[in-house]
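J.: Just need the whole structure built from these sequences, with the hints factored in.
Protein chains in written order, with my numbering: chain Y, 38 to 399; chain A, 41 to 414.
Accuracy of the hints is not assured; some may be wrong.
Unchecked claim - Below 25 Å or equal to it, Euclidean Cα-Cα: the simulated DMTMM-like pairs (lysine to aspartate or glutamate) are: (1) LYS207/A - GLU64/Y; (2) LYS245/Y - GLU211/A; (3) LYS215/Y - ASP283/A; (4) LYS65/A - GLU222/A; (5) LYS377/A - GLU64/Y; (6) LYS207/A - ASP239/Y; (7) LYS376/Y - GLU323/Y; (8) LYS245/Y - ASP283/A.
Note that these hints are calculated values from the structure, not bench results. Quick caveat, the model's predicted, so the values are computed rather than measured.
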Amino acid sequence: MARVRLESLKKHYGSVRAIDGVSINIESGQLVVLLGPSGCGKTTTLRCIAGLEQPTMGKIYFDDREVTHLSPSERNVGMVFQFYALYPHMNVYENITFPLRACRVPRKAIETKVKEVVQIFQLGGLLRYKASILPPGDQQRVALARAVIRDPNVLLLDEPLSALDEKFREEMRSELGKLQKRIGITTIYVTHDQREAMALGDVIVVMKDGVIVQMGSPEELYEHPQSVFVGNFLGTPGMNFVECLYDNGLLFLEGTEHRLSLKRSDLFAKLSSYQGKEVILGIRPEYVSLFEKSFENGLSIAILAIEPAGRYRLVDFLIGERVFRVRTDWSLPLIVGHKVYLYFSEDHICLFDRSSGEAIVT
Amino acid sequence: MLELRDITKAFGDIVAVNHLDLEVKKGEFFIILGPTGAGKTTTLRITIGLEKPDSGKVLYEGQDITQLSPPLRDFAFMFESHNLYPVLNVYDNLAFPLRSPLFKVPESEVKKRVEAIADELHITHLLPRRVSHLSGGEQQRVALGRALIRRPKIYILDEPISSLDYKLREELQTEFKRIHEEYGITILSATHDNVSAMAMASRIGIMENGRILQVGAPRDIYTNPMSVSVARIIGAPSMNFIDCVVGETSLWMHGHQEFVIPLSPPIVGILRRELKGQGRILVGIWPEDIMVSEKIQEGYLKALVENIEYHGAERFVNLALGESPLKALLIRNCVPKHGAEIFVFLPEEKLYFFHPQNGLRIYVQLGRNGHYAF
Chain Y
38 MARVRLESLK KHYGSVRAID GVSINIESGQ LVVLLGPSGC GKTTTLRCIA
88 GLEQPTMGKI YFDDREVTHL SPSERNVGMV FQFYALYPHM NVYENITFPL
138 RACRVPRKAI ETKVKEVVQI FQLGGLLRYK ASILPPGDQQ RVALARAVIR
188 DPNVLLLDEP LSALDEKFRE EMRSELGKLQ KRIGITTIYV THDQREAMAL
238 GDVIVVMKDG VIVQMGSPEE LYEHPQSVFV GNFLGTPGMN FVECLYDNGL
288 LFLEGTEHRL SLKRSDLFAK LSSYQGKEVI LGIRPEYVSL FEKSFENGLS
338 IAILAIEPAG RYRLVDFLIG ERVFRVRTDW SLPLIVGHKV YLYFSEDHIC
388 LFDRSSGEAI VT
Chain A
41 MLELRDITKA FGDIVAVNHL DLEVKKGEFF IILGPTGAGK TTTLRITIGL
91 EKPDSGKVLY EGQDITQLSP PLRDFAFMFE SHNLYPVLNV YDNLAFPLRS
141 PLFKVPESEV KKRVEAIADE LHITHLLPRR VSHLSGGEQQ RVALGRALIR
191 RPKIYILDEP ISSLDYKLRE ELQTEFKRIH EEYGITILSA THDNVSAMAM
241 ASRIGIMENG RILQVGAPRD IYTNPMSVSV ARIIGAPSMN FIDCVVGETS
291 LWMHGHQEFV IPLSPPIVGI LRRELKGQGR ILVGIWPEDI MVSEKIQEGY
341 LKALVENIEY HGAERFVNLA LGESPLKALL IRNCVPKHGA EIFVFLPEEK
391 LYFFHPQNGL RIYVQLGRNG HYAF
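T.: Structure representation (structure tokens):
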């Protein structure tokens, strides 16, 4: 188990810059998620760490040892891909011991190791079964067991859950998170699914076009997105955005008659250079409250749709051209087409520059 | 409006649909929700007429249409792979159903309706483009437009959005719901995605192994699932299930007599009567109903923290209560660490009880005066 450090990593294919200067520090035992839309460079980064690709520039360290030019086997990494890549004709025992047998580890040492992983991954009753007949949940555990049996420096996972049914994916995700914490292995996890990233990551690295857009704990990224892109990308649903005109402590919400008067003095200071200019207001669906009666600073608006989600519901409105969502419980009787009052929690307002999409205040 | 009556369909040894009954009312958005292989697609194909049932009837407004060919049924359908014509542009794809010799719509009317629907779905700018040059989300909108352009009797949608990435899914989910309400159309759809099903449906039919297990409004099924299977399929995250034993006067976790879940005597009485002396029972509880505390309190059980799952608006903790994994919703200021001890309370009124063998619910309800009624 090792610390992993990437130093200004670049990988260019001709004129295509798949990754273009990526630096990350990963603590030992952490689970770090590389998150982004397809083509953002997350898989290329992972492949460079594994040694399957040579970076064009930059360095990779495991602890204090540079591994940039070592072969995959010399790096001792464990990998799991989307389809687990188990050997279908082998049984579970043969599958998980394969990496050890391939390195000619003595039988006695193999048996000790098998005992250990069988216990962690609860594979006791499965050792004699063919891998191909196991349900996906067991296959995942076998694949993980095989990946960690050699005590790798780091475990690399590339979209391991994306081929599964919605429901099943959620169960496997919990399972994976628990196992990672139990083994305590440094893990790098690649996905395009922000829900997986938020649920599993100690740190999330959001990537776009080969560079890091923002990096931090799930909470930091969720509460304080540094750009409209991150605010929208993270969250189910994403952050709400409304175009506004800023004038002397007032935000005029486009597409409405409403103006929001700001009370936080720190906002005034940051907005001083935006006097008379357009900004984007961002707010999470759970930081907007709904009321039946009018009050100061409340925005009156008709309900477009109501989307139940089990213990809560999402109420949709139309502000300007955009759908604006509010997350609320079941206490208030709400009817589509009726007007309600929206109240924005000022502590949780984010403001973004309209042209760059970069955060002014979060 | 549309009724499937005692439908059975087998492919060789595999029974895809097994004595299924289903009724879709006029103006309803009915969604069949179930895992892959439940028989959802076969059910839809039988409804459309692409598949003949081995037995049973399809009725439309009381009329038997089981033997009618698909075009004569006048149902519009849209599949996961949306069958657009890649070589045609968006305009011609949208116009295609209207130009069918069966309907003979004049070209001026075609133009009017294509433009109207394109405007409605915000795809006017795409009209001259070839379908093969569009993104997945844009293609899905075009497919939706093509299904909407006629005014058929009913729309049948198979996994209309589940192949899209979740951001687009969210967007189209609202779009579907809005169109359903604005047009007042009737939709029958199928999906494995419980989040979108809950968000869009007027009513949901939970399907597993070729059968419909429960039908109801999303919220009603969530608060009142009639079996373990239904509870598993409907929630995100899933309901917790704990293997328990009913004793003389109390309930405890199987294999852990020290983990007692306090119950009032009338409930224990009902459970004992229902189980006919057998001890084992499956207890269910939603993650948001478990009370979590970092300090020990009266009636709380000791558990170990496995890990925390951050879901944005909320956080869940995965716990080990004895050998039972539990997932609980955390309140804002509670930040337990991996490996720490934590204490949980399972409030009696939030528990669901299920038969250990068949998974069916054992109903114990709170009566009007706070007394438990059977």
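J.: Is LYS377/A close enough to GLU64/Y, meaning Cα to Cα at most 25 Å?
T.: With Cα atoms ~17 Å apart, LYS377/A and GLU64/Y stay inside 25 Å; holds.
J.: Does GLU323/Y lie within 25 Å of LYS376/Y when you go C-alpha to C-alpha?
T.: 19 Å, holds
J.: Check the hint pairing LYS65/A with GLU222/A against an upper bound of 25 Å on the C-alpha distance.
T.: 17 Å, holds
J.: If you draw a straight line from the CA of LYS215/Y to the CA of ASP283/A, is it 25 Å or shorter?
T.: 21 Å, holds
J.: Measure nothing beyond the straight line between the CA atoms of LYS245/Y and GLU211/A; if it is 25 Å or shorter, mark the hint as holding.
T.: 21 Å, holds
J.: Within a Cα-Cα threshold of 25 Å, do LYS207/A and GLU64/Y meet the stated pairing?
T.: With Cα atoms ~31 Å apart, LYS207/A and GLU64/Y exceed 25 Å; violated.
J.: Holds or violated: are the alpha carbons of LYS245/Y and ASP283/A at most 25 Å from each other?
T.: Violated, at roughly 46 Å.
J.: Are the Cα positions of LYS207/A and ASP239/Y separated by 25 Å at most?
T.: OK: LYS207/A and ASP239/Y at ~23 Å, within 25 Å.
Checked against the numbered hints above, the structure violates hints 1, 8; every other hint is satisfied.
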